[in-house]
Amino acid sequence: MTQILKLTINGTSQDIPIDDPRATLLDVLRERIGLTGTKKGCDRGQCGACTVLIDGRRINSCLALALSYDGAEITTVEGLAQGDLLHPVQAAFIEADGFQCGYCTPGQIMSAVALIAEGEAGLDPERVREGMSGNLCRCAAYAGITEAVLKATRAMNREDAA
Amino acid sequence: MNLFEYTRAETLDAAMSAATQDGAILAGGTNLLDLMKIGVISPTRLIDITRLPLHDIEEHDGGLLIGAMVRNADLARHPVILSRFPAVAEALLSGASAQLRNAASTGGNIMQQTRCSYFQDPLSPCNRREPGSGCAAIGGETRNHAILGWTEACIATHPSDLCVALAAYDAVVEIAGPDGLREVPMESFHPLPDANDAGPAPLQSDEIITHIRLPDPGGMARNARYVKLRERTSFAFAIVSAAAALEIQDGRIVQARLALGGVAARPWRARAAEKALAGQPPTEEAFARAADLALEGAAPSGDNRAKITLARRIAIRALIRAAAGTPDRLPALPASVFEGDCNG
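Each protein sequence line maps, in turn, to chains F and L.
Read in my numbering, the first sequence has 82 at position 82, and its numbers run on one by one without any break.
Read in my numbering, the second sequence has 185 at position 185, and its numbers run on one by one without any break.
Calculated directly from the structure, the hints in this document are not laboratory data.
Just so you know, not all the hints are guaranteed correct.
As the list claims (entries may be wrong) - Below 30 Å or equal to it, Euclidean Cα-Cα: the simulated DSS-like pairs (lysine-lysine) are: (1) F/K151 to F/K40; (2) F/K6 to L/K37; (3) L/K37 to F/K40; (4) F/K40 to F/K6.
Only chain L is shown next, with the shape it has when bound in the complex (with noise of 0.2 Å):
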């Protein structure tokens, strides 16, 4: 790890003002000393933001506020998460580990660094880390690679299981900088790569994610879940997954919420297929037609062909979950494909 300078803000002006361009914010870190380490990033300051006042998560007009400091593990917890976002605690309980959620913030969720080995590997072409380098993992190991939004500049995917269930909802993410406030959607938040390069930093270096702003999911509280596959049914990460929420009355399907993770570059949300869910019955047909749309335009980035039917499969598993009820309680196994109570 490169030596740096160590400053911790009192507050969000003094954060701002102390950013850099080759400096970095240090949240809960899990993300940024890892990258450090292995010697992918090395910021020459690191600005602590964990004394910002950004750690609450307050209810307002039948949705949420929550604070960029705001740890993965309370997030998972929280009453009004569990009882009305219940897609988002079951997707971060899928991720990480009870001690990695315990530091990880939600803002760092959201800004942390595709997990593709090539651009861990700093011996690597990467246009990600190196734009103009190229690309390595082009006719590598794609098991974890995209099968949507990618160019031959990049195919890394997003690693978040937070952000899928996040765009699923209509987040917004609220940004402070030197100019003021923004507001951008979670949808969109993460650049797609464009032909010649991984696509421009989510934000500029002076700029702070201040909050996460989840509007009320009305009718969609209580038939919402997130279902992903891994390699091992816990501490990994998803091959491919997604969350679904669905508001049904009278046996038909009124609005339906789906996006796909470990597809692409950002959390994939599928609004081709939620608008053909409209007015549908709530039935596995109506759901396989929709997971078609989902991966419409879905192409193999490498050896991952097989990607395009497994996402298929866990959206329309989604589906079926979210159609079904989210139970009382989540199950022992966050968002495991091993879950007996459906046929998915």
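Chain F extracted, bound-state conformation (with noise of 0.2 Å):
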């Protein structure tokens, strides 16, 4: 049976027709949205490389059966330039030299998005390091990212102090 899915994926509204109820966001946002800035790495909640906005918050979208997020609002990597003005945490992990093959990288700055947002970690270097603990990098750019997540703290804290 046919059910409608809608979400509002990057700020547009979507009506999304699900044949097969074991579609997960991640396939989603993929095979039917055309969305492929989200990874699928492991596809088992381990990697991170599938990391998305639920309402803010970020989750693995290949554990996300689509059909339960029914009428979300989603923000993949996709959504967060605006225009040709990159977002404070993509520009930073390029300064940051952040990544090497790039695979992780959607998953990494969608999860440096919340982890500033929660504003838990601050400018504690131990603290991003262990809250961004959900993303794997296997070229092990760690050090870069740690630095690219400070380095965007310390630019969307300036933004808002301005």
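With the hints as a guide, bring both chains together as one complex.
Right, dumping it as structure tokens:
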């Protein structure tokens, strides 16, 4: 039986017919909407490559049954930049060389956006590393990733102050 | 993953009446979907309970009533949890990742399955997955397996950190079923294996956990910690862990709580140790004697004899940290053994 899934994805409301209830949110984003920035890594909630924001909170979209999130607002990596203007976290990952192959990067960036919004890590590198532990990087760009999150936190604090 | 029928329940009654013997309850989905993907379970119907009104945390009589759908991250950040039940926050934050904690529910944490790798491999004999088929873990890789309460039928451990803290705090699981409500203490919610099988399911297929009740911790509120030994300091299951809470007055322990994780098919409440600590001064010697009592009867279920020593040490360390007092802010690495603020 086809069921209609309503999602607001990066600000655009969509009705998505779902005829196979097994679809995860990750599958819907990549296969149905064509937003392939969100990556399928382990597909078991262990690597974080599929991280997206649901109603502002970071989750593993590979373990999110799409039908269960009917009505949700989703933000993917494609929804961060405003035109050519990168999100401060995206800019910081480039500045701090926070990646090598890039496959985990969209998940890292979405996780970092949420981490900064959660406001619990601040500028403590140990809390940043702990808060980012759900995102694996097999190129091991961790030093750059930590620096990128700290840079972005400082940049966003300045924006808030301005 | 097998095909299934998806039903979203709008009421508790609707959820219970939609339940079938071969169906499953979907809450956060972080364990259920994983098990379905690897073919360990194949429910023919998923009953989505995420819309049920079980998302609130209410204060009552100095304690808390926690809805089963409260997400792990929200529970860990709740001001009353942080101020009066800090070992719950520390246990939650020592487990999984931020992404998983945002999705995983309180009820689902309790209902999560063992991470025994033989349970997770559908080709291995497993009395827990397929009663009567045997136990491939015995003689296998047993680092994560039990040292207490196990039998030749099953040596699996329950992997939850949260449940260990909940058991220490005398939490009660509230369960709704077709015949009404029933309550089970957290410490005995998960059945232990018997001589022939892994033990009965903790819930009937048409029962649903609605709330967890935490009674007033009284004088233990700021002397409670969770300590967890794992193979890496974040995003790993416990090899052994311990939750400890103490009420100390005039240099003596009035009451003590101690529960161990990673050692049995349930969070292991160490009541003999607690009893021995009452009336004692909070010294390392007293904690060492208590830890001996906590591990009384422990036996390796395979090549895991080291866990007995490790669990004893982690119990002592949790008690030392509890006696030192809960820090105002949880450490950067919750429950880590690499914490420099005490001698444990």
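Hint-by-hint comparison with the structure:
no.	hint	result
1	F/K151 to F/K40	holds (27 Å)
2	F/K6 to L/K37	holds (24 Å)
3	L/K37 to F/K40	holds (14 Å)
4	F/K40 to F/K6	holds (22 Å)
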